[in-house]
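J.: Heads up: the sequence lines are chains G and A, in that order.
For the first sequence, the residue numbers in our numbering are 1 to 80.
For the second sequence, the residue numbers in our numbering are 1 to 415.
Hints were generated in silico from the structure; no laboratory data involved.
For each residue, glycine too, the CB sits at the ideal point set by N, CA and C.
What you were told as hints is all true, and nothing was included just to trick you.
Below, a list of computed lysine-lysine pairs in the BS3-like style, where the Cα atoms sit at most 30 Å apart:
no. : chain 1 : residue 1 : chain 2 : residue 2
1   : G       : 64        : A       : 281
2   : A       : 5         : A       : 195
3   : G       : 52        : A       : 195
4   : A       : 122       : A       : 5
5   : A       : 122       : A       : 247
6   : A       : 122       : A       : 41
7   : A       : 8         : A       : 122
8   : A       : 315       : A       : 8
9   : G       : 52        : G       : 64
10  : A       : 164       : A       : 122
11  : A       : 247       : A       : 281
12  : G       : 69        : A       : 164
13  : G       : 69        : A       : 195
14  : G       : 39        : A       : 281
15  : A       : 195       : G       : 64
16  : G       : 66        : G       : 52
17  : A       : 195       : G       : 25
18  : A       : 195       : G       : 66
19  : A       : 315       : A       : 5
20  : A       : 315       : G       : 69
21  : A       : 315       : G       : 39
22  : A       : 122       : A       : 195
23  : G       : 25        : G       : 39
24  : A       : 41        : A       : 3
25  : A       : 357       : A       : 281
26  : G       : 69        : A       : 8
27  : A       : 315       : A       : 247
28  : G       : 69        : A       : 281
29  : G       : 39        : A       : 8
Ranges of calculated distance between the beta carbons of each label pair, as one might list FRET restraints:
no. : chain 1 : residue 1 : chain 2 : residue 2 : range
30  : G       : 32        : A       : 225       : 50 to 58 Å
31  : G       : 53        : A       : 161       : 30 to 38 Å
32  : A       : 293       : G       : 14        : 23 to 31 Å
33  : G       : 48        : A       : 8         : 18 to 26 Å
34  : A       : 361       : G       : 14        : 33 to 41 Å
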Amino acid sequence: MARMRVRLTFPPERIQEPVIYHLVKDFDIVTNIRRADVKADHGWVILELEAKEETLERGIAWLKGKGVKVDPVERDVIVP
Amino acid sequence: MTKLKGLKCRECGRRYPSSPVHICEFCFGPVEVDYDYEALKGTITRQSIAAGPPSIWRYRELLPIEGDVAVGHHVGFTPLIRSQNLAEELGVRELWIKNDSVCHPTWSFKDRVVAVAVTRAKEFGFDTVACASTGNLANSVAAHAAEARLKSYIFIPADLEQGKIVATLVYQPTLVAVEGTYDEVNRLCSEVSDKYRWAFVNINIRPYYSEGSKTYGYEILEQLGWRAPGHIVVPCAGGSLITKIWKAIREFASLGLIERPATKMYAAQAAGCGPIVTMVKNDTDVLTPVRPNTIAKSLAIGNPADGYYAYRVVKDSGGYGEHATDEEIVEGMLLLARTEGIFTETAGGVTVAVTKKLIETGVIPRDESIVICITGNGLKTPDVLYERLETHVTIRPLLSAFDRALAELKSQARS
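All chains, please: the whole structure from these sequences, using the hints.
T.: As structure tokens, then:
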């Protein structure tokens, strides 16, 4: 099993959708939310994801397809 | 030594022993080095600092190392220059330029953070250091790893031009070019740092690494004659530098090394990548990540790790922020070169341009002390100026040809 700590940033149009629910139910990814800030016009959630590596990759690709930004909790680690 | 109390989460306050940890296990917030300031009071004086070496290590009691300095003995203590010409052009009474474009050994302020990170990495027993970088950080990590005789891995996006990596490759690190988008490279590096027992300077060593930036602030205060200026304009990429200069001011004040400061901090960013300044202008603590599109490559971090904390420093200090367009950035570089003889990289152009705007709009008053932060050298990225500069005359190798050309130039100057 692979684990990943990520920060999800939601566009306003996805705030009302049960995105994390689908990540668990449709992809069989274990989620563990640690911190979040969700308001009417923005939202971010910091959580741990646990699943097989390829499952995680599929889940993340699905999130990106939904317009959800997926970053490591460290955010940008490539420094110019 | 007892000065290091360990690490403390910046979000939930949970404490950890001093170790290569950068994320709080509970809330996944960033952790920061915590010192025993009570024990330090009275042991650090202006005299004890002034008796130290002319480098960042004169402040070693306030840096997160425990043993001897391992690398970077000559890093820092760069000039703080009292500007006459630029001050006159901008119409201000007291202007200072903190010039890290001449920082040893790789010509940027990143040498400060990397010298601290690599020294700490050696103390932790690592034999390999690493980073993900396309510019100044890569140069500095590779150079300091060479000096420390440590192995080094530098991760870059595979599409980075060869010309950009010569100043890193010369130190002979292992360069890993990763095929994929910027986001994918980002995520991979985070995973690599989780799996391998390496000192990833800006990931698992970040709490120690970032403390090196405080020395930039300490030097400003000491070189100003142990006083804090009224205003400091700081270029922002990840947002760490502005928070650490602010921390340096508060530490010196709490240790009684300077009088009670009233410094206002200003964030300078490019219009094509300015999420922190956007937070300041919109007065919101929510950072909206952006996709960078600017010539100021060394500031091009669209989702900065310390964005929120940088915003807080600006607000808490009573400062402000401003963006600079690409055109204004080049004008800023040329203005600094023309008036002070300093060739800075695009980040310095951002700082100069933003300072000019903040003065012209009355945000920074003309009669108070101002420090502008120049953090890198223009010789690394001369390409941004290629098409904007030109030779004035081309002549045949004859004195008469020069005479004619000179007369023509003078007549052009008169008209």
